[in-house]
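Those protein sequences? They're chains A and B, same order as listed.
Be aware that the first sequence starts at 6, since it is given in the numbering used here, and climbs by one per residue.
Be aware that the second sequence starts at 6, since it is given in the numbering used here, and climbs by one per residue.
Rather than coming from a laboratory, the hints here were simulated on the basis of the structure.
Check the hints yourself; a few may be wrong.
Put simply, identical chains are the same to the list, so a pair is met inside one copy or across any two.
[Claimed, not checked] Computed list of lysine to aspartate or glutamate pairs in DMTMM-like fashion (alpha-carbon distance at most 20 Å, straight line):
| no. | residue 1 | residue 2 |
| --- | --- | --- |
| 1 | Lys122 | Asp149 |
| 2 | Lys122 | Asp148 |
| 3 | Lys132 | Asp149 |
| 4 | Lys226 | Glu247 |
Predicted model, so just to flag it, every value in this text is computed and none were measured.
This is what each chain is made of:
Number of protein chains: 2
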Amino acid sequence: MGLIVQKFGGSSVANAERVMNVARIVTDTYKKGNDVIVVVSAQGDTTDDLIEKANEINPKAAKREMDQLLCAGEQISISLLAMAIESLGFPVISLLGWQAGFNTNSIYSNARIKNIKTNRLQAEIAKHNIVVVAGFQGINRYDDLTTLGRGGSDTSAVAIAAALKADRCQIFTDVEGVYTADPRKVDNAKKLKEITYDEMLELATLGAQVLNNRSVEMAKKYGVELEVLSSLNPIPGTIVKEVAKMEKMLIRGVTKDKDVALVSILNLQDTPGVAFKIFSKLASKNINVDIILQSFGRDGTKDIVFTVNKENGPVAVELLNDMLDDCKIVCNTEVAKVSIVGAGMESHPGTASKMFEALYESNINIQMISTSEIKISVVIDAEAADRAVSAVHKAFIPND
Amino acid sequence: MGLIVQKFGGSSVANAERVMNVARIVTDTYKKGNDVIVVVSAQGDTTDDLIEKANEINPKAAKREMDQLLCAGEQISISLLAMAIESLGFPVISLLGWQAGFNTNSIYSNARIKNIKTNRLQAEIAKHNIVVVAGFQGINRYDDLTTLGRGGSDTSAVAIAAALKADRCQIFTDVEGVYTADPRKVDNAKKLKEITYDEMLELATLGAQVLNNRSVEMAKKYGVELEVLSSLNPIPGTIVKEVAKMEKMLIRGVTKDKDVALVSILNLQDTPGVAFKIFSKLASKNINVDIILQSFGRDGTKDIVFTVNKENGPVAVELLNDMLDDCKIVCNTEVAKVSIVGAGMESHPGTASKMFEALYESNINIQMISTSEIKISVVIDAEAADRAVSAVHKAFIPND
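Take the sequences, apply the hints, and build the full model.
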């Protein structure tokens with residue numbers, strides 16, 4: 006018994022039947038004696054449909070007007086969910102982002118929450134209402150509507166949980182939790198009972214699209230205990246918290262990221278500051294560089310190899326060709342990044358070699374390596390990515 | 006040059022092409038040096054679609070949640086229209102009902118405007134922005150969204166024009182103005198240049214669905230000059246004002262209303278207060294009685310005949326059967342009401358007889374007659390309604 010914040014994404018409320026399903030999950034939680042605040046996204050394809058309507062009229066529309074438009078999406082889903090909960094006989098009220106007190110800055114389409122004025126939320130909870138809140142949206146100091154950007158509803162839910170010191174923030178998705186690898190592709194992939202915020206952040210960055218990073222960062226900052234679980238099969242999912250039990254596993258999971266391009270600068274004249282110039286140029290064009298490898302060549306030249314998002318690969322090559330005259334620049338988009346994540350690995354020196362051994366035995370060539378305290382990543386040929394994940398997973402995750 | 010309020014209904018903004026058409030009308034007005042505030046309804050069938058979504062989930066949903074849901078409709082249309090105006094290169098901003106300052110009472114789904122806090126509207130006009138305002142909606146003292154009920158966008162437009170003392174309020178529809186009769190049915194039906202508020206109110210009540218009555222009443226109260234004109238062919242329409250020129254016509258128009266049922270109570274015992282009891286019973290069930298006719302019979306009995314809306318006919322009969330024992334009650338729904346409206350008729354005593362003569366010559370039997378200062382109505386057989394309108398129109402409206 007306590008205060009539970011529950012968040013449901015667009016696919017969970019895509020039609021009348023699913024809205025009723027969510028209403029049952031919410032009221033089951035309420036019936037157990039909990040106060041419940043529910044955060045919902047726009048239904049299914051609503052946001053995409055609205056964007057299409059806008060593009061038909063003005064593809065370069067002011068972001069303020071786009072936000073005004075898109076906020077209608079959650080407005081529809083919250084009132085429908087409230088009606089569904091009402092039909093089950095429970096007291097309920099829906100609140101738009103601004104009604105729930107979400108104050109943001111004025112960066113339309115990607116606003117940051119400044120604070121939540123919680124008086125309305127608290128008043129509705131005091132009246133024992135189930136409160137349905139529009140995710141993804143808020144209001145700025147000019148009384149204009151703003152949206153929080155991609156994954157914004159997760160952030161809305163965590164922000165409410167933090168502001169009201171909720172006992173738990175449950176993020177309902179279409180998977181049953183966080184797995185050691187993609188369960189559709191890897192036999193014996195296991196659902197984790199617990200995972201730390203930092204591990205979750207690494208997994209999210211590495212392509213396990215379960216939770217939005219901003220929301221995990223916020224949960225970490227305010228100590229909000231998250232649970233990732235399925236709206237279609239609401240059994241216990243994965244808890245995300247500060248310290249998590251390791252469950253006899255050295256690592257938490259194996260991930261694959263195919264959105265990678267490998268850019269190589271060969272025979273670069275090794276003059277002082279040349280690396281700085283290259284990477285500040287890329288940064289100035291908002292190109293995020295992930296792994297960097299530098300090797301010394303002969304005759305005062307060196308090679309620099311780095312990875313960027315796939316779409317930024319050709320852009321980076323063009324930028325660098327304009328800047329660097331007498332070196333060869335090539336881009337390989339047929340690569341993938343395979344990573345293992347786990348907070349325990351830094352105290353187990355054999356982790357990296359165990360991963361490399363698994364890849365070697367599968368005859369997979371490693372092109373780059375990058376390590377952090379809780380992560381080891383390798384860049385390999387894209388075609389070998391699935392085999393690599395299976396081999397590494399088998400080496401680390403015990404069979405049942 | 007001045008301040009013009011323009012209102013466009015749902016069919017005028019039903020798709021991208023029509024939204025662009027409205028944007029051109031608005032910016033043409035702005036280009037002539039006017040300040041422009043545009044009030045829009047939800048696109049085409051949006052409101053009906055949202056109601057259907059709600060009914061699928063909960064046909065008896067709380068009206069507060071219905072209003073929360075329906076307000077999304079105009080939110081979509083205002084932002085799209087703002088984008089369209091922006092694409093033509095004009096400064097523009099969209100405002101939701103509450104952003105535009107519409108404060109209402111708390112009668113969800115049928116709220117009344119209490120006042121408009123005009124500071125935001127005035128600030129945007131001062132910045133030379135075209136302001137696009139969501140019609141039909143406002144906010145109550147609890148910061149909850151409300152809607153104004155049927156025809157609410159007309160009311161929103163007139164309320165803004167009244168609050169800001171606009172020079173004119175233009176109501177764009179799919180007809181080119183107010184006609185002396187339905188131009189699709191009556192040859193030689195003429196568009197009126199001017200009409201008084203009172204005449205417009207009678208015409209609206211009588212079934213000429215051009216302007217919502219509440220908005221005409223408000224325009225009359227605050228002296229807002231209205232113009233009814235077409236969004237597809239924006240030539241001068243019909244002006245609605247306090248005093249209107251008569252244009253050589255004795256009447257303003259001929260209308261037909263088929264939504265009529267004639268209820269007859271025959272052989273009613275003529276005891277004191279019986280008529281009062283009958284009509285207070287009907288009023289208590291919210292049945293509006295229009296025309297009443299009473300005739301004295303023999304042996305201390307009388308007959309009472311009255312008209313109500315068609316759907317209320319059988320309801321009234323059932324109510325009265327429960328209440329009155331020994332009289333015969335019949336309901337005839339195969340009737341229609343044909344009326345002539347014109348502020349000048351009270352100073353022309355021959356008007357009524359001219360109308361009756363036209364009907365007599367067409368061999369149409371009159372069942373009931375009702376007159377007011379600016380209106381004469383007759384109840385006739387429904388099958389004769391179109392012939393009656395043509396005959397009366399021909400008698401009163403001069404040929405070109």
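Tested hints:
no.	hint	result
1	Lys122 / Asp149	both (16 Å within a copy, 16 Å between copies)
2	Lys122 / Asp148	both (14 Å within a copy, 14 Å between copies)
3	Lys132 / Asp149	between (29 Å within a copy, 16 Å between copies)
4	Lys226 / Glu247	within (10 Å within a copy, 66 Å between copies)
In this structure, every one of the numbered hints holds.
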